[in-house]
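Trainee: Protein sequences, first through last, are from chains B, L and R. Using the working numbering, you'd call the opening residue of the first sequence number 61 and step up by one each time. Using the working numbering, you'd call the opening residue of the second sequence number 76 and step up by one each time. Using the working numbering, you'd call the opening residue of the third sequence number 11 and step up by one each time.
Please note that the accuracy of each hint is not assured.
[Claimed, not checked] Simulated pairs of lysine-lysine, DSS-like, Cα-Cα distance not exceeding 30 Å:
no.	chain 1	residue 1	chain 2	residue 2
1	R	Lys449	L	Lys107
2	L	Lys272	L	Lys187
3	R	Lys361	L	Lys239
Note that these hints are calculated values from the structure, not bench results.
Here is how the chains run, residue by residue.
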Amino acid sequence: MSLTAVVWGVTGVLFFFGLAIVTLRRQLLAMLLGLELMLAAVNVGLVHHAGLFHDAEALAVVALVIAVAAAEVVVGLSLILRVRRGGRGADAALLTELQG
Amino acid sequence: MTAAQVPLAAWLLFAAPVSAILFGFFVMRRVKPEWTHLPILLSCVIVTAAAFWLAADVYTGHSFDLNLFRWAAAGAFGVDFGLRIDGPGVAVLAMVSLVGSLIHLYAAGYMKGDAAFGRFFLIFHLFFLAMIGLLTANNYVQLYLFWELVGVCSYLLVGFWFHKESARAAALKAFITNRIGDFGLLLAVLLIVLQFKVTHFHLLYLKAASGVSFALLPLIGVCLVWAACAKSAQFPLYFWLPDAMEGPTPTSALMHAATMVTAGVFLLVRSWPLIALVPGLPDLVAWIGGVTALFAAIIAGTKKDLKRILAYSTVSHLGLMMLALGLGQVGAALFHLVVHGFFKAALFLCVGNIAHALHQSTVNVDDVGGLHKSMRLTYLSFLLAALSLAGVFPLGGFFSKDAILDAAWHHGGPLALMSMLVAAGSAFYIFRMLFLVFYGARSQQKDAAHVHEAEPILGIPVLFLALGAAAAGLLKAPLERFVVSGLRGLPSGLPGLNLVLNLPGELFLPHLNWIVAGLGTLMAALGAATAWRLTMSDPGFDWRWRGGVAEAMFESDFGWKILIDRGARAVSRVADCIGRVLDKGCLDGLIEGMAGLTRAAGTLIARSAQGRVNDYLWWMVIGTALLLGRVLR
Amino acid sequence: MILPLTTLWIVPLIGAAVCSMMGSRSKHAALIFSAAFLAAVGIIGLLQRPTEGLLVINEIGPAWAYGISYRLSADSLSIGLIGLTAFLNLICVIASWELEVSAGYWACFMALSAALTGVFLARDLFFFYIFWEATLVPMFFIIGLWGSSNRLHAAVKFFLFTFLGSVLMLLALLALVSAHHRATGVWTWDLAVLDAGTLGSAAPLVFWGLVLGFAVKIPMVPLHTWLPDAHTEAPAAGSVMLAGVMLKMGVYGLLRVALPLFPILSWDALPILGGLAAFSTIYGALCAMAQTDLKRMIAYSSIAHLGFCLLGVLSRTSQGLTGGALQLVNHGLTTGALFLMVGFLYERSHKRGLSDFGDLASRAPYLAFFFGFSTLASIGLPGLNGFVGEFLSLSGALSALPVLAFAGMFGVTLAAAYALPAFQAVFWAPAGSGSVSAKVTDLNYRERAVLWTLSGLMLWIGLAPRPWLAWFEPALRGLVR
């Protein structure tokens with residue numbers, strides 16, 4: 061089993077863990093965590109392939125993804141805090157403002 | 076001839092009324108509305124003087140036809156406006172201006188104290204101006220312009236007392252009926268443009284006389300006759316005129332004598348060189364005229380409202396003019412038109428005097444009787460005009476009617492018989508009216524003691540009109556000359572158009588034929604005698620026959636009115652159907668229904684979106700998976 | 011560098027921006043800018059008077075991707091219609107002077123004028139489309155924000171309906187441009203360069219797409235049902251702009267785009283298009299007869315009037331085209347005046363029904379005079395403007411396809427049958443129970459000044475239409491068949 065296969069395996073497991081957390085959990089903090097996990101999983105794969113192909117562009121993408129993740133955490137956390145202050149806990153099921 | 080050489084009189088014909096109306100509208104109506112009539116009466120004097128001046132010019136051979144400015148143009152298409160001062164135009168113009176001015180004077184007295192005195196006079200004068208324009212137009216488009224203006228003014232005047240339901244209805248009826256007739260005129264003008272490329276009368280005469288056959292000419296002719304039928308109140312479009320007496324009496328006098336109904340006959344006189352070329356069309360005109368004259372004369376003998384009797388009488392006399400035209404007697408038609416203007420104006424104004432004396436807008440024969448003592452001047456005027464109408468020698472009506480009877484006599488057949496019957500019928504209804512109103516006091520009448528003679532401003536114009544009606548027979552020779560100069564060619568006129576036209580139709584009036592004159596007088600005497608028998612020697616007769624089938628028949632004009640009413644109602648029902656059901660219900664319903672469907676679909680889909688973040692995430696995951704599956708396959 | 015045509019549409023746009031920032035003084039800004047706009051059109055029109063040939067001013071900007079370029083051009087038709095826009099815009103501003111509305115109202119009118127001017131100027135079909143769509147936005151807000159009770163429904167209906175038409179038009183334009191690219195290898199949206207011959211067998215589809223897009227705007231029966239609703243709910247000035255200028259976009263589009271691109275197809279389509287136009291005149295008149303609301307009645311009469319325009323334009327004769335173009339102006343003036351007066355009535359009484367008034371001829375003589383005058387102009391009384399357009403259009407139609415003229419003339423006859431009863435019901439009939447005539451005061455000086463101007467123009471065009479016809483004729487000469 062080559063390193064690439066291991067990396068893909070780790071990436072896949074991490075990504076699907078993240079996806080499962082996001083879709084199945086209703087705790088807002090946990091969902092945010094899941095999102096970060098998915099992004100991190102992709103990052104792992106990207107870093108590996110950057111080494112493999114000697115490609116700096118992939119590393120730039122990784123930096124970008126980290127930046128996006130950071131920005132997202134900032135926005136997400138502040139939104140979660142806002143919702144908590146609103147007195148509705150941190151349960152995603154209670155947020156139905158988007159109802160059509 | 077250039078615009079600079081147009082005689083001053085021709086300019087004054089327009090300048091005086093236009094400035095009087097503008098001055099009245101912008102100045103007098105604010106400053107002193109009760110004096111609005113003063114500038115207008117001045118304008119009437121100027122117009123009459125100018126008209127007679129021009130008539131004298133034309134009589135001495137100075138008629139002219141001149142384009143003044145180009146009204147509209149696009150590509151090869153162009154319409155010029157101009158002036159045509161020729162025999163037929165100026166003959167009618169002189170009558171219209173004189174009669175019209177006298178009616179203006181009368182109206183100044185009659186309408187005094189009315190709240191809308193200023194408005195009345197302004198529209199009244201505009202009406203007058205429109206007719207002047209119609210008589211001096213030199214092409215069809217210009218004629219159509221004034222033709223419609225005449226229609227609008229009559230609408231405003233018939234509906235002058237608009238608080239009355241009947242006045243509003245009558246005004247609408249008059250206008251819409253005229254509009255139906257205008258359909259014919261507009262179509263005729265458009266077809267003339269299409270066929271001949273010009274609308275100028277004289278150029279058309281030249282083209283028509285050139286011997287080339289024109290495919291559209293029959294249609295043009297029919298359209299023109301149709302238009303004339305509406306304006307001159309001929310069957311089948313006559314029905315608006317009897318109702319149109321809802322306006323103030325001077326309006327009725329002006330409409331019936333001078334400005335409105337004569338326009339149709341005048342149109343046919345102007346178009347005669349075209350119409351005469353269409354085989355069968357003159358016969359159609361003659362038959363329309365004959366039938367209308369006869370049946371209107373019969374109905375006039377059964378009416379009780381004085382103005383309504385006179386209205387049907389007008390229809391009948393216009394029928395006689397059409398009959399004359401149809402028989403090719405252009406001169407006779409114009410002669411009768413002029414004479415009729417005088418006696419009909421006088422008769423209407425006499426009725427106005429009686430109504431004024433009784434303080435009501437119209438009079439029923441039941442309300443009056445034995446007025447010959449209390450209203451001497453009115454009686455005298457009425458008598459003169461009535462004798463003229465009945466065709467009694469040597470009054471004006473005798474000569475003009477004789478010319479028409481003569482034409483019909485020579486044509487022979489049913490038309491000759493009909494014209495004789497019309498002569499008897501006219502004598503009957505006018506003598507019936509005379510007897511009922513001025514003689515034979517009856518039980519139903521209102522208190523005659525209060526009735527007193529009209530004041531001079533009302534009496535004098537009427538007397539002048541009646542004298543005119545009596546003396547109009549003298550006009551026979553001049554009229555002949557006018558008509559010949561107008562339709563046979565212009566002595567001086569458009570450059571290069573000095574040739575004499577040889578057009579069909581008899582322009583010279585017939586010489587006195589003793590057989591016809593004797594027969595006509597006999598018929599008149601017969602009518603008068605019948606009237607005496609039925610009103611004076613058996614005073615109750617006029618009321619006894621009423622109430623049955625006969626009355627229903629006469630009141631509905633032999634059923635025609637009922638048909639017309641049904642037709643009008645059907646049109647409005649169709650409109651209602653289209654507007655409410657088809658447009659609002661079906662078409663708009665379809666559109667709104669589609670919008671509704673879309674909205675319903677939206678609501679349905681919205682139900683699947685409950686607003687839970689997790690649901691959306693699932694949708695996203697499924698979507699991404701599908702997309703990936705498509706890409707990686 | 012002076013860019014006269016760009017100035018023309020930028021002036022009202024700046025006006026819109028200024029109005030939206032001025033707050034309570036925005037109506038003064040609107041007045042100044044609409045006057046400046048009118049003056050600008052006047053100056054350009056006077057300086058470039060067509061003497062013998064065409065009046066043409068061109069402005070060509072840089073080309074961008076896919077051959078899109080900023081390309082404006084004005085001939086006498088464009089300038090004439092822009093003049094109408096500017097004039098009616100000023101009239102609208104003065105007429106709504108005393109309305110209590112926010113700054114947005116004035117900004118919307120100025121923006122609408124800017125977009126309309128752009129439509130009449132653009133010769134690059136991309137910009138033509140952009141301006142075309144841009145007119146919808148301000149009108150949507152004018153109806154939706156300042157309309158009467160059912161305004162939202164009307165605004166949405168107006169927007170969606172006309173938008174649907176525009177989408178068809180856009181598809182047709184895209185097909186045209188890409189077909190041209192395929193055939194010649196050149197991307198261009200230039201109206202003068204595009205050639206419908208490159209379309210091949212798809213040409214009829216593209217033609218009908220364009221025509222549908224324009225027909226919705228005109229509107230041609232049966233695509234008209236948005237119009238009565240939009241007119242009824244719009245504020246008076248909105249109705250004036252809608253009827254006065256926006257409906258003209260459809261006919262303008264035909265004249266500018268569809269007929270020059272598809273000369274043969276459009277001639278072949280004459281029986282159908284002309285038939286629909288003639289049908290519109292009769293149908294509009296009959297529908298108008300059935301209405302009980304003054305504004306709806308005038309809206310339906312608009313459909314009939316635009317039918318005459320179309321008859322003239324489609325006849326492709328000199329008098330028909332010129333008369334049709336003049337009828338565009340006529341209808342703007344006459345119907346504009348009528349809508350304004352209904353607006354004045356509504357401001358005073360908050361009613362518009364035919365049976366809500368009565369006896370107004372005695373109470374408000376000026377209103378009665380002007381309403382009667384405009385009504386007569388609208389039913390085509392000779393001597394007033396409506397007749398000139400109708401006469402020339404019908405004359406053209408008669409030489410192209412006589413049946414059409416015949417049908418159109420029924421519309422002329424029917425006009426009296428809806429306009430005069432309505433006039434009588436409002437002004438002549440006695441005030442019945444429930445009448446609000448007591449609230450109707452006569453026109454004030456401002457309103458009278460507006461109506462005197464409009465009536466004066468109606469009379470002028472009616473009595474001496476020649477300069478007006480001479481103005482439009484050169485621009486349309488190329489379309490004569």
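Trainee: Confirm or reject each hint.
Mentor: We went through each hint and held it up to the structure:
1. Of the supplied pair hints, the one linking lysine 449 of chain R and lysine 107 of chain L holds, its CA atoms being roughly 28 Å apart against a limit of 30 Å.
2. Under the criterion of a C-alpha separation no larger than 30 Å, the hint pairing lysine 272 of chain L with lysine 187 of chain L is inconsistent with the structure, at around 50 Å.
3. Our distance criterion of 30 Å between C-alpha atoms is met by lysine 361 of chain R and lysine 239 of chain L, whose separation comes to about 24 Å.
Hint compliance for this structure: hint 2 alone is broken.
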